[in-house]
Amino acid sequence: MLEKPQGMIRLEGVAKTFVMHLRGGARLPIVANVNFTVAAGTCVVLGGPSGIGKSSVLKMIYGNYRTDAGRILVSHRGEWRDVAAAPPRLVLEMRRETIGYVSQFLRTIPRVGALDIVTAAAHDGNVSEAEARGIASELLTRLNVPERLWSLPPATVSGGEQQRINIATGFAARRPVLLLDEPTASLDDANRAVVVELIAERKRRGVAILGIFHDAAVREQVADHIVDVTQFQPETAQHA
Amino acid sequence: MNGTGSIDERPLLVAESVSKYYGARVGCRDVSLDIHEGEVVAVVGESGSGKSTLLSVLSTQLPPTAGCVTYRMRDGVARDLFTLGEAERRFLLRTDWGFVHQDARLGLRMGVSAGGNVGERLMAVGWRNYAAIRSEAEQWLGRVEIDNDRIDDKPTAFSGGMRQRLQIAKNMVTRPRLVFMDEPTGGLDVSVQARLLDLIRSFVSTYGLAAIIVTHDLAVARLLSHRTIVMRHGSVIETGLTDQVLDDPREPYTQLLVSSILQG
Chain E
-11 MLEKPQGMIR LEGVAKTFVM HLRGGARLPI VANVNFTVAA GTCVVLGGPS
39 GIGKSSVLKM IYGNYRTDAG RILVSHRGEW RDVAAAPPRL VLEMRRETIG
89 YVSQFLRTIP RVGALDIVTA AAHDGNVSEA EARGIASELL TRLNVPERLW
139 SLPPATVSGG EQQRINIATG FAARRPVLLL DEPTASLDDA NRAVVVELIA
189 ERKRRGVAIL GIFHDAAVRE QVADHIVDVT QFQPETAQHA
Chain B
1218 MNGTGSIDER PLLVAESVSK YYGARVGCRD VSLDIHEGEV VAVVGESGSG
1268 KSTLLSVLST QLPPTAGCVT YRMRDGVARD LFTLGEAERR FLLRTDWGFV
1318 HQDARLGLRM GVSAGGNVGE RLMAVGWRNY AAIRSEAEQW LGRVEIDNDR
1368 IDDKPTAFSG GMRQRLQIAK NMVTRPRLVF MDEPTGGLDV SVQARLLDLI
1418 RSFVSTYGLA AIIVTHDLAV ARLLSHRTIV MRHGSVIETG LTDQVLDDPR
1468 EPYTQLLVSS ILQG
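For the protein sequence lines, the chains are E and B, in the order given.
Our numbering applies: residue -11 is where the first sequence begins, and numbers increase by one.
Our numbering applies: residue 1218 is where the second sequence begins, and numbers increase by one.
In isolation and in its complexed conformation, chain E is listed as follows:
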């Protein structure tokens, strides 16, 4: 695959197999020989049926799944760094500065209010506390989280509101690489449209986005390229 000069993410020969020791060491090959590139300012969508390994690819790029083979190059501080081989502290640094991740599940922190969580995400090196609070308020407003809920810990609000707080948290941090794992799942039309807008804004700012979207209409609106993960099925895998 051609390397684009403005590439932000590049996977080369990436493979992942789970070994389930509690099931007698059963090997569960997920993907093999994954190759693709995501350029700055574009959105690449991972396609294919569920269970094909799309989330696993995102998790390997974020570093919470380990990679068994290949390289996962991410442009960090102007240089390619290989997440698959990076020591933990480098992965953490890359997450603080370069790689953002929004999943459909919120891991709540006891007792911390929604606005404080989103503000903390927006508040990094170049953003003051006051600016961060402004970014957080704007995102929560756009995602239709009622202001009376902002001081409450997300665990105490409804699932739909939790999800929108989670999305606000993910978009609050300004990272040049953004991984989106089904952020629009179970959102209503109005909020889905807000997420589509947020993605378009990030693309205009040059953010490289790699996402999984179950919703065909959303996929249509945000994707510059679709990478079908079915092509990375390991030969030994059982086809469903």
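It should be emphasised that the hints constitute simulated quantities derived from the structure, not laboratory data.
Just so it is clear, the structure is predicted and the values come from calculations on it, not from any experiment.
Ideal Cβ positions, reconstructed from N, Cα and C, are used throughout, including at glycine.
Some chain E residues flagged as far from chain B (calculated, every beta-carbon gap over 10 Å):
| no. | residue |
| --- | --- |
| 1 | R15 |
| 2 | L16 |
| 3 | Q92 |
| 4 | S116 |
| 5 | A120 |
| 6 | R121 |
| 7 | L140 |
| 8 | D176 |
| 9 | K191 |
| 10 | Q219 |
| 11 | P222 |
Reference excerpt, derived from the structure (chain B facing chain E, CB under 10 Å, subset only):
| no. | residue |
| --- | --- |
| 12 | H1253 |
| 13 | R1412 |
| 14 | L1414 |
| 15 | L1416 |
| 16 | S1419 |
| 17 | T1456 |
| 18 | D1460 |
| 19 | D1464 |
| 20 | P1466 |
| 21 | E1468 |
| 22 | P1469 |
| 23 | T1471 |
| 24 | Q1472 |
Using the hints provided, position chain B relative to the given structure of chain E.
Chain B only, in chain E's frame:
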């Protein structure tokens, strides 16, 4: 959790091939690890895995049978912990380090008031002005959410959660760079645990503390730590980013531990 500073900076504490035997019995075996400023490392495993022995060696409470532990002092010089002079060791124990024990009676003087427990640590580093000591103690009690009208009460009159918060205030008053925690939430009710965990989490990020937290509770590791070390039978069997170890455990024993978590 904001985490650590530049990844190039030298570690605060380095353990190299540390082993501790009790006669023929293994406490911990050939453990190497490092911890940087602002970094929280969880050591997880079941009872008897060696995690508490490791904590005792790293904090100089037990000499290792083999291996070496160095610590970067405030002057920037890394020193072998087991060749320190008594004055330097006292400085670490009383000032630059903190300890939060599961059993508050090990970390507090139960017959001394809450304010006295906090003030004592200040007096040990040379504070003499009573009003200043009392006011500093009040501030720290406030930060750990202990009402000021409890300052003259003894810890014996406190609940389990309050005792743990008092231990934290007592440690924090000298602004330590490294805190050792041994099952800090063990034996507390779930709601009390959540409050304590939140307090620890906010102190770690506000004050840039490094911490080594020994826990059998993977949820505590998940919430507080950047990296996790899994121990079994005295040895380290798996290490990595906390979410990596918990989301993609590689070793059979780690997979068993992770699969045993109750989903909340």
